[in-house]
Structure formats: C-alpha cells, structure tokens
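Here is what each chain is made of, one letter per residue.
Protein chains: 2
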Amino acid sequence: MPESVLREASQAVTEVAGEGVSILGISHRSSWFRNVLDEAEENIRGLLSIPPEYRIMFLQGGATLQFSMVPMTLLRGRSDPAEYLHTGYWSGKSITEARREGPVRILKGSSLNFGALPSASELESQHHQNAPYLHYVSNETVEGLQFHRTVGRDDVMRVCDMSSDFLSRPFDINKYVIVYAHAQKNLGPAGVTVVILREDILSRVSDDMPAMLDYREHANMRSVYNTPPVFAIYITMLVLRWLRKEIGGLEAMDAMNQAKAAALYSALDASQNFYRGHAAVRDRSLMNAAFRLPTVRLEQSFLEQAKNHGLYGLEGHRSIGGIRASLYNAVTIEAVMNLCAFMENFQQQHGRESELNESASMKAAL
Amino acid sequence: MPESVLREASQAVTEVAGEGVSILGISHRSSWFRNVLDEAEENIRGLLSIPPEYRIMFLQGGATLQFSMVPMTLLRGRSDPAEYLHTGYWSGKSITEARREGPVRILKGSSLNFGALPSASELESQHHQNAPYLHYVSNETVEGLQFHRTVGRDDVMRVCDMSSDFLSRPFDINKYVIVYAHAQKNLGPAGVTVVILREDILSRVSDDMPAMLDYREHANMRSVYNTPPVFAIYITMLVLRWLRKEIGGLEAMDAMNQAKAAALYSALDASQNFYRGHAAVRDRSLMNAAFRLPTVRLEQSFLEQAKNHGLYGLEGHRSIGGIRASLYNAVTIEAVMNLCAFMENFQQQHGRESELNESASMKAAL
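Protein chains in written order, with the numbering used here: chain R, 1 to 366; chain Z, 1001 to 1366.
Hints listed in this document are in silico derivations from the structure and should not be mistaken for laboratory results. Treat the hints with caution; some may be incorrect.
Stated by the list, open to error - One side of the interface only, derived from the structure: several residues of chain R facing chain Z at Cβ under 10 Å:
#	residue
1	SER79
2	PRO210
3	VAL230
4	PHE231
As the list claims (entries may be wrong) - Label pairs and their computed distance ranges (CB to CB):
#	chain 1	residue 1	chain 2	residue 2	range
5	Z	GLY1046	R	GLN348	46 to 54 Å
6	R	PRO52	Z	GLU1199	43 to 51 Å
7	R	GLN129	Z	ASP1208	25 to 33 Å
8	Z	ALA1270	R	PRO52	53 to 61 Å
9	R	GLY46	Z	ALA1259	48 to 56 Å
10	Z	GLU1053	R	PRO51	50 to 58 Å
To be verified - One side of the interface only, derived from the structure: several residues of chain R facing chain Z at Cβ under 8 Å:
#	residue
11	PRO2
12	VAL21
13	LEU24
14	GLY61
15	GLY62
16	SER68
17	ILE95
18	GLN184
19	GLY191
20	ALA211
21	PRO228
22	ALA232
23	ALA306
24	HIS309
25	GLY310
26	LEU314
Cβ coordinates follow ideal geometry from the N, Cα and C atoms, glycine included.
Start from the sequences and build out the full structure, keeping to the hints where you can.
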C-alpha cells in the first residue's frame, strides 16, 4: 500500500476531514461517501478509457463470489458448455463453481504441472463459436503465470478474472463483457471486489436470482444496494487517485512493473539454477515469481533469513510450497533491488553448501 | 465507535504493533490475523456463554446475503412453509429473498403501519409445528420496534436477524439454530457479518451450493475459506474486547442502553405530543427511536438545527421519513442527554409556532 494512502487512511479512521466523524461511523448514504464512490468509478473509467456502456460496481464476496455469479448469470439453463481455461490453482477454483451452474468445457495447454500457459495455437482448435462465454484468469498468482495477450475469439463473450493484475497494465475493456478483480492485490484492502460489466449483460439476469447475487440490483443502486464496505472502498479510491495522479496512469505503472520483474527474473537467471523459476520464460508473471531452491531445508533458511532482513511474505502458496515473490503495484523498485541483493548474498553463503550436498549424495548413490 | 477503538485502529493502519506492516497489507494467513479471529470468536463466546456446539463465523455480504443463505440451506426443496414474521422494513426484505427459495408463510400482528409488534397471543394461533423454521428480526431499525421476548415455539427451529441489537443485551443462544448480525451497528465497520450457527445445521447444506454460500466451507475453514475482510474483522475484535473488558459484559451494556433509552423516551413523553413516537410503548426499541414532529417543515428545521449543535444522522429512514435517533452501544449517555436538551430547547422555540399554525388551520377550516 502506498505510504501516502496509509497516511490518509489513518487520518480518516480518526476523523474524515470536514465531516466531524470517523470513516468507521460515516453513513454509506452520505454525500461524502457518494463522492468517494463516484471518484473511485471515475478513476477506473479514466485509467482504462472505459466507455459509458460498461457499469462499474464495488461488491463484496471476493473473486470467489464472482466464480458463482458469472455462471449463475450466463450459464444456468444453457446447453452449450461455457469454455473455462484451466491454467493453475485459481482458474481451477472458478471451474468447480461454474460446474454447479451448467455445462463447462475445460481448455488447457500441454504443461502437466501448470508450468506454462497454453499457447494461442494450442487453444485455437479448442475454442468453439457456440460457447456462451469464455472464462479465464489473466494472472495465476500461485504458479506465477500471466497471459501477455488477450485469449479467445471475438465472437465469443470473454469474462476475465483479473484479481491479481488489474490496473497493473493497460488493457482494452471492449474485448470483454465482464472483468472482475478483488481489491487486495493492486487496489486496496480485502473486502471489496470491482466488477466491470457491459450493460447488455444485465438483461440476462434471471428474476429468481438472490438479490445479493443480482448484478442488476448493484448496477441500478450504484453499489449501495445494501451497506457496502465503506472503508475498503475509500482506500480503493485513494489507491486509484494515487495511480492516476502520482504514478501518472497505467502506461507508467506498467513500465515500473516491467522494470521490477526484469530485475527479479535477471537475478533468477543469473543464479545458474540455484533459484529455479516455476513458470516458462514466455509466460512469466510481472506480478508473482514462484521459484524453488535446491532443497526444502535451504528454502526454510531462505525464508527465515529473509525475515531477518525485513523481507516478509515470501512463502510459496501452501499448495505448491517453495518461494514466491510478489511485485504488485505498490511494491517499490527499491524493495525489489533489496530482495535481489539478499538473494545473491544468500546464494554466496549457501550455494557451495548445496553443491557439497549434491556431490555427497551423488557419491552415496555410487 | 468507542474512542479507544478508533485510536488503535488508526495506529494499525500505519503499522500493526510488532509486525512491521500496515493492517491493510497483512496476510489473512498470518498467525497475527489468526489470533485476531480467535480472540474475536472467544469474546463473542464469552459474552454470550455460547456452548461448543455452535460455530461462529465472520462472513461478507451483510444481513442481505444471510436473507438468501438461510432459506437456501433450510428451505429449498421443502414443502412445508417456513414461518417469517413481517414486522417492518427489514423483515420484509428477508421475506422477498426467502420466497425465491421455497414456500413461506407470513406471520404478523394487527398493526397496519408497523407501529407495533405482534403480541404473543396474536402469534400463538399462527405458529405451526411443521414449519421448517421460524425467522424474525429482533429489532426493526426503521420503525424503532424491538422484541423484548423470544418469539416462537421451542419445537420449531428459530433463526434470528439480530443485525441491529446483537450484543446490546444478553440472550440465550440455545433458543436459536442461527443468529446473524452485520457489524455496522454495535460491532464494527460495514463489511463483515457475524453468523452463529448450531453445528448440526451444517449437515443440511446441499452439495450443489455455491462455495461462498456454503456454511460448511466457512465453518470448516474457520472464516478464511477465501480472503476475509481483515480490517473490518480486526475492528470488530477491538469492539468486542472493549465490550468485555471496558464495559464489563452484556448485563452492564444492557443497563447503559436501558438508561439511554429511558432518557430519550422520557423526553418524547414529556413533550405533550410535540414529538410523536412511531412505536407502541410496549415495543419501543432500545436501539432506535423513530418519531415525528407536527409538520414536515418543523422536521426539516429540527434536522438543520441539530447539525449546528453537532447532532448528526437524525434523519428518518427514506421509506418513512421523520426523525430517528439511534442509541447503539457506542453512543454515550452524554450524547443522549445532549440530544434531549436540544429537543427541549427546540420545542420551547417552535412549539408555540406550531400551535399557532394548528389554530390558524383550524380557523381556516371552520
């Protein structure tokens, strides 16, 4: 989270400027909060040049609730299967939820352990023009894989979970009917999810939908159908303002993210396989780098020593272990350079040890 | 929100003590946050003496999502109607959602404009032992009505929306299978909802339930099935700690709430019908007092002058208008006395004016 945002947030908890009340007590129907919502929406619209026929909503329930709301809206009662790309941990979760609502056809590449994304040519024969929609996850945080292209065909509606790379780079909203992203990666704190939805999708919502899962209610009530997560939306607005005014927009943000990722992956590549990246080079994520060390014991030492150097949150996801470095928007290039320097030092201390171990186990094997 | 909670919250936004990171950036899988969740749960358990066979969860989506999750879990596929008390604005909303999931029978009293709650004798003949469950709202915030008894019969499962009076007074959890309450009244900021559920209810969840609406997922994962609203839960924990350690528990809180309500209702009753309470005396809420002034013009002056005296948020709900004073846990007796003094002064200034108007319109009518 940017420092300037934390300062304003901390102040707002004590008292919202000019309102005489803490943000934790302010009404979600106040004109102050309506302005917050409007500025948040306007900033997203400006950053991505979103045309008026797209609605922007701030919802609860995370990407997980969108895993259900999307197929409840677009798949229920259909006989043609929706196409779901299975590219890693999170897209797998989206498929489980979609299957409860209707037929799903899985599209995937040839990589067995989600070490690479399916290429355009691998997918070409799998796409079908009758699919109600295509769903994919633009960035798989666990495996550190990111699409660097738009997937699918233009005559099939695209839905994309951009939870972990939304607003890290520009993209063309006109290629999608629904884009969603929870806030807790690049946008704000946990508890709010941004949904951008092409207006005509609203006419597809069935009338028996529970109100909280009905995009029409949220669109018509402009994100205050029920009490929204006021504080989380306020922080999101501050981050969006920072992105637009201080960073200067998504081209600038993308350039910074490219530079950070280049530094980290160069460090991996220079390590002569001491640090072993999980993702194929072509599909490396600018947001998350997942990598292993020669042994689990070394990984544990790495994590412990990293903490002593003030480098936190480097544990790999519990499903695959290892190390994961995340490079979200608010991570500075200085922080990445610190990490690279730590990695180099750690290798100098332990690289030899690992060679000795490997040579010892080779001798034992002989 | 109590002052001490705001101070700690503001500090945590800058940096969580001992963690070197803002609460807006801390992992929901950290041991720090696990401790927050555990303390929040333990405090609720302690305050209400909740036995181990009840699960306590912190969810998203507000009471509105519970309006759907409850009938999705307990009513879908049933032929006997669930009983829903219709006692005001919010219970009406719960009924709309329940009807999407299965048959519902409305129970109500004889009051035409929700000016009173149904009495025990009015309800006695309406209850049916075959109902899958009885649902009611313990406190109707819009109308200022509150049940001062447990409703229903012991051989029909009770579900209660306590969003607006949860932890304002003691109650016996053993009388209910599900109690839920969003946080933004007595507990914390908007964005988190507490659900207390008797364990055996988990076996009634259908396997085709979307994961986010499946109580089993949240109970088994102890509120971290997906990324929870970390900040809102932290604030809730601080408020619970305040309630237990600083206030001294629910008997003490109830005594304070009784005193606050007594002061306000005495002011209404002493006004000789200048301030006209909406609720029948028997069903007056300790949390919200809804009342009218002789004219809409006077109500507008009242609200404007109240703001000049630092008294905010007194507008009645948009569905019924008028004035509404809320007396939630964090409202101090001093604040209520200030309001009462303001009301008395306002009446002294404007009471005569309103009499003159009334006498003028009587003359005009003659």
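Against the structure, the hints come out as follows:
no. : hint                             : result
1   : SER79                            : 18 Å, violated
2   : PRO210                           : 4 Å, holds
3   : VAL230                           : 5 Å, holds
4   : PHE231                           : 5 Å, holds
5   : Z:GLY1046 / R:GLN348: 46 to 54 Å : 52 Å, holds
6   : R:PRO52 / Z:GLU1199: 43 to 51 Å  : 50 Å, holds
7   : R:GLN129 / Z:ASP1208: 25 to 33 Å : 29 Å, holds
8   : Z:ALA1270 / R:PRO52: 53 to 61 Å  : 55 Å, holds
9   : R:GLY46 / Z:ALA1259: 48 to 56 Å  : 51 Å, holds
10  : Z:GLU1053 / R:PRO51: 50 to 58 Å  : 54 Å, holds
11  : PRO2                             : 10 Å, violated
12  : VAL21                            : 7 Å, holds
13  : LEU24                            : 4 Å, holds
14  : GLY61                            : 5 Å, holds
15  : GLY62                            : 5 Å, holds
16  : SER68                            : 4 Å, holds
17  : ILE95                            : 12 Å, violated
18  : GLN184                           : 6 Å, holds
19  : GLY191                           : 3 Å, holds
20  : ALA211                           : 6 Å, holds
21  : PRO228                           : 7 Å, holds
22  : ALA232                           : 6 Å, holds
23  : ALA306                           : 13 Å, violated
24  : HIS309                           : 12 Å, violated
25  : GLY310                           : 7 Å, holds
26  : LEU314                           : 11 Å, violated
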